[in-house]
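Student: The residues making up each chain are set out below.
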Amino acid sequence: MGSKLSQTLAAAKAENRAALIGYLPAGFPTIEGGIKAARALIEGGCDIVEVGLPHSDPVLDGPTIQTADDIALRGGVRIKDVLRTVAEVAAGTDAPVLVMTYWNPVDRYGVARFAADLAAAGGAGCILPDLPVEESEEWRKAAGEHGLDTVFVVAPSSKDPRLAEVTAAGSGFVYAAAVMGVTGTRAAVGNLAEDLVARTRATTDLPVCVGLGVSTADQAARVAGFADGVIVGSAFVQRILDADGDEAAALTAVRALAGELAEGVRRR
Amino acid sequence: MSENDYQPGTQVPDARGYFGAYGGRFIPEALVAAVEQVAEEYEKAKADPAFAAELDALLKDYTGRPSPLTDVHRFSAEAGGARILLKREDLNHTGSHKINNVLGQALLTRRMGKTRIIAETGAGQHGVATATACALFGFDCTIYMGEVDTERQALNVARMRMLGAEVIAVKSGSRTLKDAINEAFRDWVANVDSTHYLFGTVAGPHPFPMMVRDFHRVIGIEAREQVLERTGRLPDAVVACVGGGSNAMGIFHEFIPDAGVRLIGCEAAGEGAETPRHAATLTKGDPGVLHGSRTYVLQDEDGQTIESHSISAGLDYPGVGPEHAWLKDTGRAEYRPVTDDQAMQALRLLSRTEGIIPAIESAHALAGALVLGRELGPEATILVSLSGRGDKDMHTAAEYFGLYDSEGK
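These protein sequence lines map, in sequence, to chains A and B. Residue 0 is where the first sequence starts when you use numbering that gives the first Met the number 0, and the numbers rise one by one after that. Residue 0 is where the second sequence starts when you use numbering that gives the first Met the number 0, and the numbers rise one by one after that.
Chain A extracted, bound-state conformation (with noise of 0.2 Å):
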């Protein structure tokens, strides 16, 4: 069946658990350094790698990601890395890599471009936070001719018509977004995932995936009793910060938390 994404999900559903998901961006703590990040979540047991595209104005994520992208931007990270970095991580497996970013750099890099580009660097496909699906016309015509797959992202206040506009324009997974907020880990995750969850698959065959933040093994594991995927990134960010500088320490961390949640996940 489908994708390299749809595959991978579908071979976690065979093994009766959730899948794992992994965040990271690009650059971060430096282009090399975030490649080895990257490759970690996966060797720690992440089944699925996205690589943020680190930008200006984050209005999405919190002050964790902020941090990590400002880290990045500012050791001179540009799309060409983040498309080197989804090379070398896709080189040496078969977890598929996604791109996760906001529009403007797509945009003005140019879509077709973009598209074309990604694919040739063997991702499997994009999540655009800033994108609605009103705008995302041109965008998916490009990652339909690339053979990429587009993942929506859908939150507690989308109402029913809408979850159905939304699962129908994307592929791969959809992104449901556990609590109103931006991105950052926190103590629990709240009920609203499960509803949505629950909304959400009325409409759709294509997997639900939870993010926002879950942090620990046993979050993943109440997500994994109701979510196909669980998704994971500012805990990530978190672990290389507190290594200050110390790749092995982060790389390590890195490693040891997607362990944990990869136990997590196949908990429920």
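Bear in mind the hints are in silico, worked out from the structure with no lab data behind them. Positions of the beta carbon are idealized from the N, C-alpha and C atoms, including for glycine. Certain hints may be false.
Just the calculated beta-carbon pair ranges, DEER-fashion [what the hints assert, rightly or not]:
| id | chain 1 | residue 1 | chain 2 | residue 2 | range |
| --- | --- | --- | --- | --- | --- |
| 1 | B | 15 | A | 15 | 39 to 49 Å |
| 2 | A | 262 | B | 193 | 31 to 41 Å |
| 3 | B | 153 | A | 75 | 28 to 38 Å |
| 4 | A | 75 | B | 376 | 49 to 59 Å |
| 5 | B | 79 | A | 75 | 45 to 55 Å |
| 6 | A | 109 | B | 273 | 20 to 30 Å |
Guided by the hints, dock chain B onto chain A, whose structure is given.
Tutor: Frame of chain A; chain B shown alone:
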């Protein structure tokens, strides 16, 4: 008519919020329901005579509209003798044009049943106007302001706090208006059930560019009538400063069908549009997406926003309203860069020739009018939007002109 056949002077952009190639709605899914609610409620309000009546009463009895039109003869002498007329938005309650939009959106907030308002502010004029309306209507109020701006506009921070608003100094990015908007969006995503984001300029996702413009159209409607009555004809040019561009859209809009009237927006060129330190978005930027709409943006070749610089906090913004982008591309309006130094000289000139201390933002329009007057000659009439008063800028002006020195300059 195809979707992008938007004609200037008409009331609405196309169904998706586009003015030609600019505008639209580039927002996260979490905000779609809230932005749609604003759009729907605004359409209902527009059709409701009670809404118009209440807003008109507030504009008259609370704001003090209509604002006067002032002939500035001594200042005009410095502009090649062209007759310069100032539309005195500085005399509105709270000291700038910003109150026009704020009262409209405050009424809308009440109609939506929301109890909390957030807003961004650069110079603090929109923040003060918003804090004022929140006091009047009894809403909770949080204002996001870049840390750099809280320092250079400290008087307005005190005013907002006096009015009961919480002012949050934003420490991310360039610590100016752009970052205040980012932080306000983050707040809105997390608190959208209770909260309206009272956006302060003609930028942002549809319907904000249209709605904010509509609430400011009163500036141009009044001014056009006042100029006709005073001079017996239309002005040769209308000049306004442009950061996001709300006072400019407000005064331009009624004149768009008057083909003989030149519309001239003055952007902040900071230390010079040819230097890296400016905020001349329409002069130097490229089309892109910032803060929810497609428009001109100061950006690098990777689509990262470039930090803007201006002595004026209210113009220190690397984006601009999408309708201005459209007016630029069609040639209906012209946009010119004005440097910090030109603006400060115009500020001092108006103060000393007319006894009116303008905001540094508005001084950019005055500087533009001085240049234009010399180009057009003594027969010309130029209408200038004096969008705000300069009290808030006395610290910046005192440092610039050495007014704190024992002698002054």
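Student: Now look at each hint and say whether the structure bears it out.
Tutor: Comparing the hints with the structure gives:
1. 15/B with 15/A: 39 to 49 Å: Holds - the Cβ-Cβ distance for residue 15/B and residue 15/A, about 44 Å, lies within 39 to 49 Å.
2. 262/A with 193/B: 31 to 41 Å: Once the Cβ atoms are compared, 39 Å apart, the range 31 to 41 Å for residue 193/B and residue 262/A holds.
3. 153/B with 75/A: 28 to 38 Å: holds (36 Å)
4. 75/A with 376/B: 49 to 59 Å: holds (52 Å)
5. 79/B with 75/A: 45 to 55 Å: Check passed, 49 Å falls within 45 to 55 Å.
6. 109/A with 273/B: 20 to 30 Å: holds (27 Å)
In summary, the structure agrees with every hint in the numbered list given earlier.
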